[in-house]
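Enquirer: One-letter residues, chain by chain:
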Amino acid sequence: MKTKKLHGGDLVFAIVLVIFMTVFVVVTLYPVINTVAKGFNDGIDAVRGGIYLWPRKFSLKNYQTVFGMQNLLTGAKITVLRTVIGTLASLFINALLAFVVSRERFLFKRGLSLFWVITMYVNGGLIPTFVLYKSLHLTNSFYVYVVPGLISAWNMLVMRTYMEGLPASLEESAQLDGAGYMTIFFKITAPLCKPVFATIALFVAVWQWNSWFDAMIYNRLKTEYTTLQYELMKLLASVMQQSGSAESAKNSTNTITPVTIRSAATVVTMLPIVMLYPFLQRYFITGLTIGGVKE
Amino acid sequence: MAKANAVSVKKDKKITWKEIKRQKALLIISFIVVVYGVIFYYLPLAGWLMAFENYKPAKGIFHSQFVGLAKFKFLFSDVTFLRVIRNTFAMGVINLVTGTVMSILFALLLNEVRQRGVKKVIQTISYLPHFLSWIIVTGILHDALSASGIVNDLLLRGNIVDQAINFFAKPIYFWPIVAFANVWKETGWGAIVYLSAITAIDPCLYEAAAIDGAGRFQKMKYITLPCIKPTIMIILLINIGNVLNAGFEVQYLLGNGLIKSVSETIDIYVLKWGISQNDYSLGTAAGIFKSAVSIALIVIFNTWAKRRGESRLF
Amino acid sequence: MKKLIALALCLAMVIGCLAACGKSGSKTTTDNSSKGDTKQTATTNDTKTNDTNSDSDKQEVTNFTFFITMPNPEINDDNEIAQMIADKWGVKVKETWLTGQTASEATGTLIAGDEYPDFIDSDEMNMLVDAGALIPLDDYIDKYPEFKETWFTETEWEKFRQPDGHIYWINPFGNTYGESKATTHNDEAFWIQVRVLEWAGYPKIETMDQYFDLLESYAAANPTLDDGTPVIPYTILCEDWRYFCLENAGQFLAGYPNDGSVIVNKETMTIEDYNTSEDTRLYLKKLNEEYKKGMVDPESFTQTYDEYIAKLSSGRVLGMVDQWWDFAYTVNDVFKSQGTENKGYNYVPLGLTTKPGMANRWHTYDDTVNQASGIAITKDCKDPEKAFKFIVDCAMDQELHDLRFWGVEGVDYEVDADGLYYRTQEQRERWADTSYKASHKCDYSYFPQWSGTHRDGKNAMQPTEQPSEFMNGMAQPLIDCFNAYGVTTYPGMIGSIVENNGPWFPMYSYSNNFTTETPGGLAWALMGECKHEWLPKVVMAPDFEQGWNEYMEKYNACKPEDFLGEMQQILDTFK
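Protein chains in written order, with the working numbering: chain H, 3 to 297; chain V, 70 to 383; chain X, 6 to 580.
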């Protein structure tokens, strides 16, 4: 708070702030700690419930099971690949598209926006999509992880909003200097968009990282294209038995995977992607000054 | 359609050869992404045909028996479906309001935290629950709200109630519980986009306000909030279109027979009466209904935003 | 851009580290994971060293794929027993299980893509037949007369015949070889903790009234556990599809077997509805009374499965209705590891009826053949001939069966001087270990499997049914209880009458396949929805009669007669 004296309003504000943040952190952190605690607990013991902040009967068995899983390395490799390639490609194309639709003078500004907005609310369904991907030869291949998700209207709109907030004078002066749109994009807009790029990169990366459904549907029998999340989901599905019925469950293998493995698996998938955050965080924790180019 | 729209909206934008040539780069990009969009988003909509037929996987989309509007009639003559629309809509609106308010509030307040280290730590913590699956979050929530859970414990100790409340037996508690679960899991994650918008605010504005004697609260209210308004508007408009996508898992995992009348959403209904019965057509019909409502909603609110001169989707 | 690349490297490193930790963690799978990406063609060479059958005729291994619409743990590609089976029988099967989808969705996608695994077992067999995805098995079955005779009876095979006159799938479960060795009661019952019976001096409990009287008096005398936790006299699991714990006790209480959706009156050959029967009314009325007395867990209808299992594992719950497989494996493990099994926390089943002296049919000694699903060979199968032969081998070759369910002799089980199989404590624990199961155990559980007596006439087909294995796992209070009632197994506790099932049994295998396309199927779905909501309400109703009447009104609005009519038509085909 430096040495500056707080005046009344600010003091109240500071107190409210501290209380809010404390409550928020406690409430938010609890499920995470609980998950970590359960992941380190013995599977049989955890069945009794009542594990809150600390494991009751410590065990590394759950992590051993998760890491002992076959295809873990293949899955991890594919997941990293799809996350890196998918994020970079998607970021670039979405940024380009956002740039196009944020140009005030662009002839089809509204039309193109609407075209993409609609895609957020319509969905042909699983089966037609499957048939389409199959005819495009995207099934049984790595491309199915990258190509279909390249453009996302949501990401594009967030970037567009950010770009529209940039001073228009920048573009105008560059145009007077004879710069084309592409030059403006690479030389002026893109460097200023770091915070929003970081945000969108995070969103895409997390989405790519967590995806498993596509691996299951489109690469069901292709072990070489399995992803980390799909391997974990397979492990977890035997815990949940969501879609079961009495008649079929009866015939299932008697011993099910302990619930604690779910927690361990969650921690394992969460950790790497959470570590991504501090890298990107600085882009939007530090205030960005457009000062250098102020009019 | 796109062309007509663009022309009618902006009258001053004349399509001339000169302009087209100038915008060549933009037009080429547009053309490529439109082709892409048509293939990956619009082509699968051929699947909507399924809603008008008695789709059988064995026969495929183009050879199944055509039944006209029968599936829609089935849906809208079923009182249960009307009830699940109500539930979905109610939970969608509640979640939209609480989710948006909490995320913005959190972003604004976090921005006021001065210590950089603390700020980073809080933000990192805030978005961790996003990575927990619903089954974990609902499990913990169920635990906390059970008869011997922490909530009843506190209520009993504080003499607020004299008997443990069975939160999951009374319909009245269900929507707030779902709203809380959403806020709990997604507030930090939802705040990220606002935090990134805040970084674009020119620091000079704060300096100027400080000179005018504005306190922290005033600065937040009169500078930060208005500056991130375009982002808020865009996210809000997008989410308004999503009110009927109030979810599936959380209601499925928290619901039970006693409170079915308030807990079932459209997606649960589709699973029960469509997918589990091998009736894909019914699910498609419900999907078309949801899409129609979504698009109607965003058109209405987009027009409203336009009238008020706010940022809008298109 | 540079930052992102740095980041990607970082991520890769983290993964590398994590995987490395994993390696040191579990020994059995270490060397395998690195081979994970090399193609499966290498498998034949990998295994030359397997001593068990190195001298037997080497044949080329065919790799088959198998998709099953059930969630189950997957085994490793280089699973040891799978490899032994491949060496000897020339077949290796890669099983893929349902993940995060419904059976119907998964099957629908397969059909849309028109690409199938070699084998398939789906809950939606009819969809696959319609799509022409399956190959008829009739000719293959006729090629193996011994299998044909042993596996099913003529009537049983007929149940699998589809309207087009072909048989497309074979149910792999529910077959007993020779004499039944059933030690557990895998199905539904009113369960009670042995300590309650012991406390009361092992009385004869025949009716629901006696059962609840006993729970009440025990709870009054022993209101808490040793650590002060209050006991729950009776709880009801009601989560989602598991609500059978509340729903169908009425049919058993009336003395009928588990036809599931309806009662079959054998004398008149008519379908009866147990939902509206007097026995069900009395059952719900009793629950309602007990609920008001505070004997029934107030959280019954809102608890999740995990919460329910947690309650049972704590030993607080004195009794409930459930099926053995739904709770016993997990809960008994906890009792064992906590040492609470010595306090008599284990549950034993009781064969209750509405009135004393009635014959009960909670346990069915006869085989239950579910004709609705089973293993099938698809049109994309590379080598149907060999695929079918493997199905036959699974059923007919005792050595293969032993390998699948007992494991490797000397490693997973021992043989004593009398030729009886047994497991040491260490072997038993390892067999239950998750990682070991993935790397070593391979039961191909959706291929034909037997229960009952081993072909050597001494052992049991399944380790769980081996008397020594069964007795070994039993705690003293449980043994005392069995002795007091003069029985040796769980079914003995129930004392159901021994009889043959009608050829239609179980009727649920038909109703499970109903869809909303027929009026009966629609009614069936509506009835389920109605019961889900109203059964709890009736139990909790302040005035039972009013609650019951309201429920009946809602129930009858679902047109149950449509459903019963269609069930009657099916039953009529057996006349």
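Keep in mind the hints are simulated off the structure, nothing from the lab.
Note that the structure is predicted; figures quoted are calculated from it, not measured.
A portion of the hints provided could be inaccurate.
[Stated by the list, open to error] Once the Cα atoms are required to be at most 16 Å apart in a straight line, the calculated EDC-like pairs of lysine to aspartate or glutamate come out as:
hint : chain 1 : residue 1 : chain 2 : residue 2
1    : V       : K128      : X       : D119
2    : V       : K125      : X       : D82
3    : V       : K142      : X       : D245
4    : V       : K341      : X       : D82
5    : H       : K136      : X       : D245
6    : V       : K125      : X       : E244
7    : V       : K329      : X       : E244
8    : V       : K298      : H       : E166
9    : H       : K224      : X       : E522
10   : V       : K128      : X       : E120
11   : H       : K224      : X       : E120
[Unchecked claim] Chain X side only, calculated, beta carbon under 10 Å to chain H, not exhaustive:
hint : residue
12   : I116
13   : P150
14   : E151
15   : T155
16   : T158
17   : D338
All C-beta atoms, glycine included, are put in the ideal place defined by N, C-alpha and C.
Enquirer: If a hint holds in the structure, say so; if it doesn't, say that too.
Expert: Now the hints, each set against the structure:
1. V:K128 to X:D119: The given pair, whose Cα atoms are some 11 Å apart, holds under the 16 Å limit.
2. V:K125 to X:D82: violated (35 Å)
3. V:K142 to X:D245: Violated, because 28 Å separates the two Cα atoms, which is more than 16 Å.
4. V:K341 to X:D82: It is violated: about 35 Å lies between the C-alpha atoms, which goes past 16 Å.
5. H:K136 to X:D245: violated (35 Å)
6. V:K125 to X:E244: Outside the cut-off at roughly 31 Å; violated.
7. V:K329 to X:E244: holds (12 Å)
8. V:K298 to H:E166: OK: K298 (chain V) and E166 (chain H) at ~12 Å, within 16 Å.
9. H:K224 to X:E522: With Cα atoms ~36 Å apart, K224 (chain H) and E522 (chain X) exceed 16 Å; violated.
10. V:K128 to X:E120: Roughly 15 Å between the alpha carbons, so the hint for K128 (chain V) and E120 (chain X) holds.
11. H:K224 to X:E120: holds (13 Å)
12. I116: holds (9 Å)
13. P150: Violated - the Cβ of P150 (chain X) stays beyond 10 Å from chain H, reaching only about 27 Å at its closest.
14. E151: Since the shortest Cβ distance to chain H is 25 Å, the answer is violated.
15. T155: The hint is violated - T155 (chain X) has no Cβ within 10 Å of chain H, the shortest such distance being about 20 Å.
16. T158: Interface hint status for T158 (chain X): violated (20 Å vs cutoff 10 Å).
17. D338: Given a least distance of 5 Å, the restraint on D338 (chain X) holds.
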